[in-house]
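Number of protein chains: 2
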Amino acid sequence: MPKISEERKAERREQILEGARRCFAEHGYEGATVARLEEATGLSRGAIFNYFDSKEDLFLELAFRDNERLVRLWLDKGWEETLRQIVDEDPDWIGVYLELSRKERTEPEFRNRHGSRTLEQLAPTLIAHVREEQERGTLRSDLPPEKIAGFVSLVANGIGLQLGSGERIRDVDTLVELVRAAIEPPTARARSGTPSRTRP
Amino acid sequence: MPKISEERKAERREQILEGARRCFAEHGYEGATVARLEEATGLSRGAIFNYFDSKEDLFLELAFRDNERLVRLWLDKGWEETLRQIVDEDPDWIGVYLELSRKERTEPEFRNRHGSRTLEQLAPTLIAHVREEQERGTLRSDLPPEKIAGFVSLVANGIGLQLGSGERIRDVDTLVELVRAAIEPPTARARSGTPSRTRP
Numbered sequence: 144m145p146k147i148s149e150e151r152k153a154e155r156r157e158q159i160l161e162g163a164r165r166c167f168a169e170h171g172y173e174g175a176t177v178a179r180l181e182e183a184t185g186l187s188r189g190a191i192f193n194y195f196d197s198k199e200d201l202f203l204e205l206a207f208r209d210n211e212r213l214v215r216l217w218l219d220k221g222w223e224e225t226l227r228q229i230v231d232e233d234p235d236w237i238g239v240y241l242e243l244s245r246k247e248r249t250e251p252e253f254r255n256r257h258g259s260r261t262l263e264q265l266a267p268t269l270i271a272h273v274r275e276e277q278e279r280g281t282l283r284s285d286l287p288p289e290k291i292a293g294f295v296s297l298v299a300n301g302i303g304l305q306l307g308s309g310e311r312i313r314d315v316d317t318l319v320e321l322v323r324a325a326i327e328p329p330t331a332r333a334r335s336g337t338p339s340r341t342r343p
Numbered sequence: 144m145p146k147i148s149e150e151r152k153a154e155r156r157e158q159i160l161e162g163a164r165r166c167f168a169e170h171g172y173e174g175a176t177v178a179r180l181e182e183a184t185g186l187s188r189g190a191i192f193n194y195f196d197s198k199e200d201l202f203l204e205l206a207f208r209d210n211e212r213l214v215r216l217w218l219d220k221g222w223e224e225t226l227r228q229i230v231d232e233d234p235d236w237i238g239v240y241l242e243l244s245r246k247e248r249t250e251p252e253f254r255n256r257h258g259s260r261t262l263e264q265l266a267p268t269l270i271a272h273v274r275e276e277q278e279r280g281t282l283r284s285d286l287p288p289e290k291i292a293g294f295v296s297l298v299a300n301g302i303g304l305q306l307g308s309g310e311r312i313r314d315v316d317t318l319v320e321l322v323r324a325a326i327e328p329p330t331a332r333a334r335s336g337t338p339s340r341t342r343p
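Same order as they appear, the protein sequences are chains A and B.
Under this note's numbering, the first residue of the first sequence is numbered 144, with each subsequent residue one higher.
Under this note's numbering, the first residue of the second sequence is numbered 144, with each subsequent residue one higher.
In isolation and in its complexed conformation, chain A is listed as follows:
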């Protein structure tokens, strides 16, 4: 029997992650049984758990990819586009994070597994980027870059909790304008235009 190629392996991994994301969003993390994961991915449990050790590992990979995507978006398009993207996330998928918050609060190992890869691989890049923006004068420079990134992250969590509770963020432009007033220096705000900037 020929060995499965690396390319085919990578494809299958993506197929599993995509199906698992849909399955978690539809049924919740607890509700995503192995049978439902098989159905959603179109693969047997044997195949799925050949690629991922556990359901927890599936979630953690998906969560890391969310963070990776959002950090990249910030680097490429700025914090504003990043917040706008979060507003457009699937509330059912966001709900999975909320469902797992208790596990995160009460199980230090899960918490550590969830946070460490992001902290090690993504946070330093983001912080360096914020520092550059501070040096360019597009973000306020009277606070350490970690505080600026932390604030945007807290706002993102606020959006997440509202979405996951079924609340719509009705006026993203005003939200962005308020965050701008918090994290940009007054001069940058004056440069970047009126409060009601329209979406690009």
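Worth double-checking, as some hints may not be accurate.
Identical copies carry no separate label here, and so any pair may be met within one copy or between two of them.
Using 20 Å as the maximum straight-line C-alpha spacing, the simulated DMTMM-like pairs for lysine to aspartate or glutamate come out as follows [unchecked claim]:
1) K246 to E224
2) K246 to E232
3) K198 to D231
4) K152 to E232
5) K246 to D235
6) K290 to E252
7) K246 to E173
8) K198 to E157
9) K290 to D316
10) K290 to D314
Hints in this document: simulated from the structure, not taken from any laboratory.
Let chain A serve as the given structure and place chain B on it in line with the hints.
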């Protein structure tokens, strides 16, 4: 048999709510079984459900009281003290809100019951207060009061999600300073002192 006095009834109601809050926080909403609610309140299920129709009603009353307390705090001490108080909330209790977010997202009736009393009884008072602050010049007046209150509420939700996920809010002063920059006019900020205001 003598009738139980109104005063005694009110005391018992408080006793039930207090016990239920502890019970929800300790075991989670799902984990707060009737047996555990009996233990936590020191009352029989007959007595408990004589005062409240259901576990859901218990939670909704507790949630309304949280909102009432926070709105009153805003009216008396301002938004800053309100955010500081939220930072100090019990993470296990906040976790109950996160646990119920799916129910809130997917069950319109629960969502409506959760929100309507706050919207009808508390929101108008808060909005009127924000408008007064805008007229006094202590909050920016270029946005409708609802947007200011909505932003502080979104930040509060961000704090809530972080607390409920076991994350500590390490630097509340900086958080307050960033929110201040967002919602106060520059002149009010200059009046209220340096960025690193210490807690009163």
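Output the indices of the hints that this structure fails to meet, ascending. 1, 3, 4, 6
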